[in-house]
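*Asks:* This is what each chain is made of:
2 protein chains.
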Amino acid sequence: MFSKVFRLVVLGLSLSYVTVNNPVQTSVAFAGIGYVVTYTLIPRLTTSFINVGLKGKDLSKPPPVNEIAESMGAVPAITYLFLMFGLIPFIFFKYLVSFNSLSNDDSISDNYATQYNALANNRLFPHNKLAEYLSAVLCLQSTTMLGFLDDLFDIRWRHKFFLPAIASLPLLIVYYVDFSVTSVVVPAFVSNLPGGEIFLQFINQLIIIGNFIVSKITGLNFSTLNEFVVPRESPKLLDLGFFYYVYLASVSIFAPNSINILAGVNGLEVGQSVILGVVFLVNDFCYLLSPNVSQAAYDSHLFSVIFIIPFLGVSLALLQYNWFPARVFVGDTYCYFSGMVFAIVGILGHFSKTSLLFLVPQIVNFIYSVPQLFNIVPCPRHRLPKFNLDNGLMYPSYGNYREASTFGKLLVRSLEKFGLIKLVRDPSTKEIIQFSNMTIINLSLVWVGPLREDILCLLLLVVQLVIGLSMIAVRHTVGPWLFGYDNLSWGVK
Amino acid sequence: MFSKVFRLVVLGLSLSYVTVNNPVQTSVAFAGIGYVVTYTLIPRLTTSFINVGLKGKDLSKPPPVNEIAESMGAVPAITYLFLMFGLIPFIFFKYLVSFNSLSNDDSISDNYATQYNALANNRLFPHNKLAEYLSAVLCLQSTTMLGFLDDLFDIRWRHKFFLPAIASLPLLIVYYVDFSVTSVVVPAFVSNLPGGEIFLQFINQLIIIGNFIVSKITGLNFSTLNEFVVPRESPKLLDLGFFYYVYLASVSIFAPNSINILAGVNGLEVGQSVILGVVFLVNDFCYLLSPNVSQAAYDSHLFSVIFIIPFLGVSLALLQYNWFPARVFVGDTYCYFSGMVFAIVGILGHFSKTSLLFLVPQIVNFIYSVPQLFNIVPCPRHRLPKFNLDNGLMYPSYGNYREASTFGKLLVRSLEKFGLIKLVRDPSTKEIIQFSNMTIINLSLVWVGPLREDILCLLLLVVQLVIGLSMIAVRHTVGPWLFGYDNLSWGVK
Chain A
1 MFSKVFRLVV
11 LGLSLSYVTV
21 NNPVQTSVAF
31 AGIGYVVTYT
41 LIPRLTTSFI
51 NVGLKGKDLS
61 KPPPVNEIAE
71 SMGAVPAITY
81 LFLMFGLIPF
91 IFFKYLVSFN
101 SLSNDDSISD
111 NYATQYNALA
121 NNRLFPHNKL
131 AEYLSAVLCL
141 QSTTMLGFLD
151 DLFDIRWRHK
161 FFLPAIASLP
171 LLIVYYVDFS
181 VTSVVVPAFV
191 SNLPGGEIFL
201 QFINQLIIIG
211 NFIVSKITGL
221 NFSTLNEFVV
231 PRESPKLLDL
241 GFFYYVYLAS
251 VSIFAPNSIN
261 ILAGVNGLEV
271 GQSVILGVVF
281 LVNDFCYLLS
291 PNVSQAAYDS
301 HLFSVIFIIP
311 FLGVSLALLQ
321 YNWFPARVFV
331 GDTYCYFSGM
341 VFAIVGILGH
351 FSKTSLLFLV
361 PQIVNFIYSV
371 PQLFNIVPCP
381 RHRLPKFNLD
391 NGLMYPSYGN
401 YREASTFGKL
411 LVRSLEKFGL
421 IKLVRDPSTK
431 EIIQFSNMTI
441 INLSLVWVGP
451 LREDILCLLL
461 LVVQLVIGLS
471 MIAVRHTVGP
481 WLFGYDNLSW
491 GVK
Chain B
1 MFSKVFRLVV
11 LGLSLSYVTV
21 NNPVQTSVAF
31 AGIGYVVTYT
41 LIPRLTTSFI
51 NVGLKGKDLS
61 KPPPVNEIAE
71 SMGAVPAITY
81 LFLMFGLIPF
91 IFFKYLVSFN
101 SLSNDDSISD
111 NYATQYNALA
121 NNRLFPHNKL
131 AEYLSAVLCL
141 QSTTMLGFLD
151 DLFDIRWRHK
161 FFLPAIASLP
171 LLIVYYVDFS
181 VTSVVVPAFV
191 SNLPGGEIFL
201 QFINQLIIIG
211 NFIVSKITGL
221 NFSTLNEFVV
231 PRESPKLLDL
241 GFFYYVYLAS
251 VSIFAPNSIN
261 ILAGVNGLEV
271 GQSVILGVVF
281 LVNDFCYLLS
291 PNVSQAAYDS
301 HLFSVIFIIP
311 FLGVSLALLQ
321 YNWFPARVFV
331 GDTYCYFSGM
341 VFAIVGILGH
351 FSKTSLLFLV
361 PQIVNFIYSV
371 PQLFNIVPCP
381 RHRLPKFNLD
391 NGLMYPSYGN
401 YREASTFGKL
411 LVRSLEKFGL
421 IKLVRDPSTK
431 EIIQFSNMTI
441 INLSLVWVGP
451 LREDILCLLL
461 LVVQLVIGLS
471 MIAVRHTVGP
481 WLFGYDNLSW
491 GVK
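Chains A and B, in that order, are what the protein sequence lines are. Using the numbering used here, read the first sequence as starting at 1 and increasing by one per residue. Using the numbering used here, read the second sequence as starting at 1 and increasing by one per residue.
There could be a bad hint or two in this list.
It does not matter which identical chain is used: a pair holds within one copy or between any two.
What the hints assert, rightly or not - Quick list of in silico lysine to any residue cross-link-like pairs, SDA-like style, CA-CA up to 20 Å:
#, residue 1, residue 2
1, Lys61, Tyr395
2, Lys409, Glu197
3, Lys386, Ile363
4, Lys160, Thr40
Source of the hints: derived by calculation from the structure; they are not laboratory data.
Throw the hints in and build the complete structure from the sequences for me.
*Replies:* In structure tokens:
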């Protein structure tokens, strides 16, 4: 009853806010609509999902365990996509109202003349921004579709791993066309190291050769030194050229998959996404509210805000159903979708490196998981913590030590030295029989001791938040000191 | 064996053609790749589709009828979408090679200055064309997703009917900013009719009032008279303004649904789409090969060709599996997908009215079906022809006349007078008990007599082709005579 009233109020407020001609407020309004729609749709759709076999048992609950709907993330994802469609006219409103057709081929050049003049009073319709926006939505939609197909058909790991890269192709092309910033700043200290200068030269040569070959094959020129993210009094730059696109593609592969493997606890997938969204927003508003930030940086972070806020709206609705005790599972659909939101925002916002800082927990978890993911040590079907029926707490789950390769055994034993893994020894023979599965979820249980599922989730989310916020601080304190500049403090408005 | 070699050859040729820097050839190459990929994937995926319940019985086959995979159209559709991603760099290649970043905010105006100069040698990257392209792919992807979800969850009719309109929103926005052609030409004879002039004035006033209200609400100006599709010595124009967008939206609703209801016979859904594709291509090449066609018209039809050719590639592969006796069903996924391809091409190519001419069989079938669709006369669960086990032929299927409303009965009886329906009378009492279901599929069986399924399908496809081709002729013969001009013969290159 209360929730119904609440939803009606949210919906009412949102609808009243939509028409306010301000991108941020409009996206807040759309977030509200998204929240209400998602919250209303999910319970109505669970049965249909279960009927088509999109269902799963929650292994961390006392019996009787009945199956609940799986990959419900499709609901917020699709709601989000349609919201982003609806947002377009509002985002570009100020251009639309005064926009005249450019289609008359006979007068195109005149049109561009007017465009050119119109720039002064900022009335030209920014086709490039629209292209960015569309490519972002397109990329998200492909990812959502792939995620859903994966939930439905269990696509093979090696296939689905690379599909996000194809999905992000339109994004990379728009990036190439609109920005083509392919240079990275080298921390000052590197070149100050003994031999650092020569080392950089060597790397640079390799990159140049690589780019030469690629451009011979493709006919495209990927190298464009560009002051977009770098101040005039430019520090050392390394122009990765083509390899920068390889890097961007791998970001779009990594982000979805990394969220997908930091999962298995009620509310964790959505929870971490919400936290990440908040962290991204905080970072964005650092720029939006800063007095002397370049127009370009301002636009990038406005773009980010416009994509993140509605994402939070639909995610919060899903979180309410997915939080302990979960009434629905989110599925790969949601993990892929949310991961790609952050990848896109980072790539088109030109802060992909910064956004990786926010993903540190996911990165750590991935690196920590590598030995199991690549079967250096045995990897059981499920690595999620073990539920103890007697006290209702979660305990670390274990892999079989005996089946590990020699190198694997060595690795595991050395990890124990640093307290980064828990080994179980045979009481009599004292020989190692098991090792705790290598996820930061299990590790936190190893360190903190058994926890109830929701406490465990909360713990991980708090860690995520703390790391995220401190990374923002690091980015704007250590960063400038390291790189010799900070794009928050330079530039002309 | 042979087919394998054939596919390898196609693939080889295609790959060797891809890099040719000519949009048409490249899309042919991609069509080849699409054909091979689709043809190879379908048999590998049938079981997975069946496992998730995407399967159906073919009611027009002798027993034993075993279930075959349903909504296999998802395979060509998704293949197509990824191909269209891959096409982007090739389509825009000539711009990419010489393109420099526009991102440096400090020098944007300079950039536009260079853009403006660059126009002469046609080197400016056409962001508006990219936006068109992306919005088209986005719209197609949404439609495919909706179609697939429909196959999976059986979305309610009233919901799924309007969803394509939302899916086409990005398309309409791009149309608004790039062309905003909202005026239609009034056939000369209308105004020459007695009172025609006044009538037009009256209509025009209504439209103006309507637009006034809409623009007051939205703040957008939808009315822009534009010479894009009309020669300078302009005949009577009616500027529909906002209502033109309503019309475009309804095209995007109608096209997918109309193909979806002209179905139920092996190979018909894909077959008609292939025929339509061919007809569209013929029309496009009328323009591409004509010496004196305006640049704008040329671009529009080049756009159409680029989207249709790969569509034919993937569709032909599907057709081989869906042709009588069908080994897979295509599902709503394919019908929606293919319908939207034609809608998009028509809308962004500025020949939506012409493309409706090509859809005449679908339109006729829709109008003919209305009495049953809206339950004026009873509509059985399936309206597809009835399979006769004895001679293996298809016979018209029937609806129950007795349950029809009085108006319905009257309608049916009057249709019989024109031989547009077959009524079955009780041998003794001579009173009407049944009427043939109102689809052009049944009607052709009524006229031609029982046919084998594939012959029936062929018949319908031939009709589709003949109508399509003659419509092209009509368009460029009667059209000019009616409207006082033809955009094929006027304009400057």
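*Asks:* A separate judgement is required for each hint: does it hold in the structure or not?
*Replies:* Hints, one by one, checked against the model:
1. Lys61 to Tyr395: Answer is within: at 13 Å inside a copy they meet the 20 Å cutoff, but 57 Å across does not.
2. Lys409 to Glu197: Neither. Shortest intra-copy (40 Å) and inter-copy (92 Å) distances fail the 20 Å Cα cut-off.
3. Lys386 to Ile363: Intra 23 Å, inter 60 Å, cutoff 20 Å: neither.
4. Lys160 to Thr40: between (31 Å within a copy, 18 Å between copies)
Violation of the numbered hints given earlier is confined to hints 2, 3; the remaining hints are satisfied by the structure.
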